[in-house]
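J.: Residue strings, one per chain:
Number of protein chains: 2
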Amino acid sequence: MTDTAAPLRPSPHQVEEHLRQIIKLLEKHRLVETLVDRDRASPRHQLIESLVHRQHLVELQLKLHSLHPADIAYILEALPLEDRLLVWRQMRDEQGGEVLLEVSDAVRDWVIEVLERPALVKVLGQLDADDLADLAEAVAEDVLAEVLQTRNARDRDWLQTTMAYPEDQVGHLMSPDILTVRENQRVEQVLWLLRGREALPPNTDQLFVVDARHSFKGVLPLPALLLNDPQQPISALMMTDPVLFSPTDDADDAARAFERYDLVSAPVVNERGKLVGRLTVDEVMDYIREESEEDVLNMAGLQGDEDLFAPIWASARNRWLWLAVNLCTAFIASRAIGLFEDTITQIVALATLMPIIAGIGGNSGNQTTALVVRGLALGEITPENTWHLVFKELGVGLLNGLVWGATVGLFAWLLYRNLPLGGVMAAAMLLNLLLAALMGVAIPLTMHRLGRDPAMGSSVLLTFITDGMGFFIFLGLATVFLL
Amino acid sequence: MTDTAAPLRPSPHQVEEHLRQIIKLLEKHRLVETLVDRDRASPRHQLIESLVHRQHLVELQLKLHSLHPADIAYILEALPLEDRLLVWRQMRDEQGGEVLLEVSDAVRDWVIEVLERPALVKVLGQLDADDLADLAEAVAEDVLAEVLQTRNARDRDWLQTTMAYPEDQVGHLMSPDILTVRENQRVEQVLWLLRGREALPPNTDQLFVVDARHSFKGVLPLPALLLNDPQQPISALMMTDPVLFSPTDDADDAARAFERYDLVSAPVVNERGKLVGRLTVDEVMDYIREESEEDVLNMAGLQGDEDLFAPIWASARNRWLWLAVNLCTAFIASRAIGLFEDTITQIVALATLMPIIAGIGGNSGNQTTALVVRGLALGEITPENTWHLVFKELGVGLLNGLVWGATVGLFAWLLYRNLPLGGVMAAAMLLNLLLAALMGVAIPLTMHRLGRDPAMGSSVLLTFITDGMGFFIFLGLATVFLL
Chain A
1 MTDTAAPLRP SPHQVEEHLR QIIKLLEKHR LVETLVDRDR ASPRHQLIES
51 LVHRQHLVEL QLKLHSLHPA DIAYILEALP LEDRLLVWRQ MRDEQGGEVL
101 LEVSDAVRDW VIEVLERPAL VKVLGQLDAD DLADLAEAVA EDVLAEVLQT
151 RNARDRDWLQ TTMAYPEDQV GHLMSPDILT VRENQRVEQV LWLLRGREAL
201 PPNTDQLFVV DARHSFKGVL PLPALLLNDP QQPISALMMT DPVLFSPTDD
251 ADDAARAFER YDLVSAPVVN ERGKLVGRLT VDEVMDYIRE ESEEDVLNMA
301 GLQGDEDLFA PIWASARNRW LWLAVNLCTA FIASRAIGLF EDTITQIVAL
351 ATLMPIIAGI GGNSGNQTTA LVVRGLALGE ITPENTWHLV FKELGVGLLN
401 GLVWGATVGL FAWLLYRNLP LGGVMAAAML LNLLLAALMG VAIPLTMHRL
451 GRDPAMGSSV LLTFITDGMG FFIFLGLATV FLL
Chain B
1 MTDTAAPLRP SPHQVEEHLR QIIKLLEKHR LVETLVDRDR ASPRHQLIES
51 LVHRQHLVEL QLKLHSLHPA DIAYILEALP LEDRLLVWRQ MRDEQGGEVL
101 LEVSDAVRDW VIEVLERPAL VKVLGQLDAD DLADLAEAVA EDVLAEVLQT
151 RNARDRDWLQ TTMAYPEDQV GHLMSPDILT VRENQRVEQV LWLLRGREAL
201 PPNTDQLFVV DARHSFKGVL PLPALLLNDP QQPISALMMT DPVLFSPTDD
251 ADDAARAFER YDLVSAPVVN ERGKLVGRLT VDEVMDYIRE ESEEDVLNMA
301 GLQGDEDLFA PIWASARNRW LWLAVNLCTA FIASRAIGLF EDTITQIVAL
351 ATLMPIIAGI GGNSGNQTTA LVVRGLALGE ITPENTWHLV FKELGVGLLN
401 GLVWGATVGL FAWLLYRNLP LGGVMAAAML LNLLLAALMG VAIPLTMHRL
451 GRDPAMGSSV LLTFITDGMG FFIFLGLATV FLL
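Line by line, the protein sequences give chains A and B.
Using our numbering, the first residue of the first sequence is number 1, and each one after it goes up by one.
Using our numbering, the first residue of the second sequence is number 1, and each one after it goes up by one.
FYI, nobody ran anything at the bench for these hints, they're computed from the structure.
Errors might be hidden in some of the hints.
Identical copies look the same in the list; a pair holds intra-copy or inter-copy alike.
Straight-line Cα separation of at most 20 Å, SDA-like style, residue types lysine to any residue; simulated pairs [stated by the list, open to error]: (1) Lys-28 x His-388; (2) Lys-217 x Lys-274; (3) Lys-28 x Glu-384.
The structure displayed is predicted, hence computed values, not measured ones.
Please build the complete structure, drawing on both the sequences and the hints.
T.: Written out as structure tokens, the structure is:
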């Protein structure tokens with residue numbers, strides 16, 4: 001956010017009410033449009049309608065102009081595409097940039113796509129270098145070049161610097177608005193310098209101490225300025241070993257450090273010891289939220305962030321990769337059944353019972369996988385404790401296998417009055433749950449060792465194995481013992 | 001965290017190295033233990049071993065004493081149960097309280113269970129009222145009463161106040177460490193008052209302005225003290241309409257407000273306008289992380305937060321409810337197959353193909369559900385845009401149904417050289433994907449309307465319907481058209 005613009009009053013408790021009012025205005029607006037269409041014959045009618053029409057837009061504008069950018073962003077996300085554009089057009093020109101920073105990635109991409117080039121250049125022109133860097137990847141290169149023409153060399157440099165780091169590194173998330181002081185200054189000098197400023201950058205809980213060559217020396221917490229004698233030198237008050245990051249540090253690790261140590265801001269220092277930027281808690285919170293939302297959507301089989309009101313075609317494409325993969329695994333797993341079609345013809349009850357074995361195996365394995373994926377994300381699983389984990393999960397699998405195997409065995413026996421069928425069912429359940437426990441640990445661990453994100457795809461692979469092997473074990477045992 | 005204790009140096013980059021070193025020390029320690037056991041015969045040997053033994057423990061103690069509580073918490077979480085207790089016992093007495101605040105809920109519960117009562121009372125005695133309130137629910141009432149005996153009336157009052165609010169309300173998360181000033185004071189008076197303090201409470205980015213009756217008047221950002229003339233009155237510098245919360249506000253809404261408006265702290269004001277506490281970004285970040293982790297684990301069918309190294313019995317119990325529910329739905333869905341056993345006996349290929357229809361239906365429906373659950377969590381789905389969403393998802397379902405229906409139909413035709421079978425397969429896939437889209441929206445929306453958390457259980461219910469109806473549609477169509 002640019003720190004010069006006076007922020008409008010945020011309204012955490014009324015934002016849903018604002019949305020409702022805006023939807024009502026949009027409805028009235030559309031109603032008038034329909035009337036105008038129906039009534040092409042009478043020019044006088046048209047004039048009246050068009051005045052009413054305009055009046056609704058003015059009301060909409062007044063409403064929007066009083067809202068905080070984050071609240072407008074929320075409202076845009078909750079509106080279907082055609083309404084969204086109408087609302088966007090009613091904002092004040094200078095609201096566009098701030099709102100663009102606050103919307104979700106999916107809506108941001110939509111705005112960038114739908115705005116005409118001059119409008120887009122104007123909106124992007126409102127952002128400072130730091131915020132522009134957040135959006136730069138989503139914008140076409142030539143548009144970005146046009147926006148940068150009006151910027152000074154420092155802004156252009158900053159953009160190049162941060163964009164050189166991948167999205168999941170600290171260098172990409174850091175911001176350039178740092179306040180620095182020198183070791184040999186005294187508190188009163190720093191206070192005097194600060195009084196010359198209009199405001200401090202948001203989330204400033206500490207100043208950074210550097211030497212003449214901009215080498216990082218330490219941090220000076222703001223309270224130190226307030227609590228100490230104005231004659232004290234900075235060198236006596238600064239902390240020389242704060243938590244600091246390198247621009248190439250993993251953003252996930254930095255996020256975890258912010259949570260663990262309750263940080264508000266932290267210096268970013270490069271390998272030559274120079275202070276290059278600052279990481280703040282608001283960027284980190286946004287990063288955590290985005291990542292965790294993306295994880296949940298990915299686990300459910302959506303490739304990326306999907307706009308709630310994306311066009312059907314775009315939505316379908318976002319889901320195809322996953323469905324295609326699942327279709328392949330389902331086909332292959334079903335071939336395990338194909339092997340035993342003769343057996344099924346003789347004992348058709350097997351066809352009825354087999355989805356139970358496969359299904360519960362998948363559920364149980366996914367429980368293990370979820371636990372292991374979280375353990376890996378928190379860095380809690382090490383080579384030394386892996387075996388411990390495997391044995392524990394096999395133990396849980398054994399216990400569950402005995403309990404649920406007995407349950408389904410009993411059910412099958414009673415339903416079909418066939419004791420051997422019950423026995424085969426119980427044995428197959430036990431074996432499939434043991435396999436699920438083993439695979440539930442092995443699959444995410446292997447993906448992690450191979451340097452892949454274990455949250456993505458572990459569940460597909462696991463369900464594939466518990467389905468295919470579940471069918472195979474059950475029908476195989478039935479062929480051996482029941483025919 | 002108590003604000004008086006000097007925090008030890010956090011080590012974001014070395015924490016995994018610390019863990020490795022501690023595991024090595026523990027291994028050496030265990031090795032010696034085994035040797036001592038084997039060699040009971042020689043007292044001299046025993047003495048030597050016991051000295052070596054002690055030396056490892058001393059090394060472990062030195063290591064632990066230098067670590068930040070949050071880093072020790074991480075290490076405890078990554079250790080199997082027996083090592084964990086040994087490590088806990090080697091910490092300095094005064095480290096216990098801070099570490100207990102930092103560990104995950106599952107490990108916290110384990111510590112509280114395993115510590116003997118006097119040790120637990122001692123650890124809890126180190127915490128201030130605010131932190132004690134965070135843990136109070138996990139502690140037995142009589143233990144809590146014993147801890148409170150040594151506290152003053154203010155601490156006891158605070159505990160009663162916060163514990164009266166449920167875990168998901170602002171009142172439960174707020175803290176009592178607020179710095180207040182008066183409207184009629186001048187900047188220099190406030191500065192003078194602050195200089196009398198040792199430190200500010202963590203995450204203090206603003207002071208709170210109250211009147212003589214502790215009624216909330218506004219906030220004074222710390223920078224205002226630094227940037228303005230010391231002669232200015234507070235009334236001229238304070239902001240009178242900041243974001244504030246009521247103790248009964250939903251914690252989720254407060255968390256979203258912290259993210260939206262990039263807050264570091266916010267006042268909590270009761271219905272009579274009195275300032276009762278303060279909400280800070282560190283509490284909010286912990287809340288967000290805990291909630292999102294719990295959501296992921298719940299979606300995978302774990303009832304609560306599960307310790308990675310929980311005992312087998314406790315783990316199994318944590319998973320039974322979900323497995324039992326799934327077993328019931330799987331049984332019922334399988335009865336849909338049972339209705340058509342005659343049909344399967346005549347065309348056994350149906351048994352092979354039916355899991356494909358059910359599986360892809362479930363995958364596709366879960367994609368829709370994930371999107372709707374997120375939209376509901378963000379408050380983006382309103383009565384006004386629900387129909388829009390339903391039609392969009394039905395559109396995606398239709399498109400997917402045509403594409404994937406044709407694919408599986410073609411596959412079935414080629415594999416079994418049976419065109420009508422392919423046709424039935426394609427039609428069943430299309431119908432099941434349309435059903436999945438409709439249910440994918442309807443199930444989470446209905447749960448939300450009924451006041452239940454749509455993230456929990458939506459997926460089970462959806463998979464139940466897509467499985468059962470998938471089997472029914474496919475086998476039903478086959479019975480009508482293929483026999």
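J.: With reference to the structure, classify each hint as holding or not holding.
T.: Now for the hints, and whether the structure bears them out:
For the homomeric pair Lys-28 and His-388, the shortest alpha-carbon distance between copies (18 Å) is at most 20 Å, but the shortest distance inside one copy (65 Å) is not. For the identical chains of this complex, Lys-217 and Lys-274 are intra-copy neighbours only, at 9 Å inside a copy versus 43 Å across copies, given an alpha-carbon limit of 20 Å. In the homo-oligomer, the alpha carbons of Lys-28 and Glu-384 lie at most 20 Å apart only across protomers (13 Å), although the nearest pairing inside one protomer, at 66 Å, exceeds that limit.
The structure agrees with every numbered hint stated previously.
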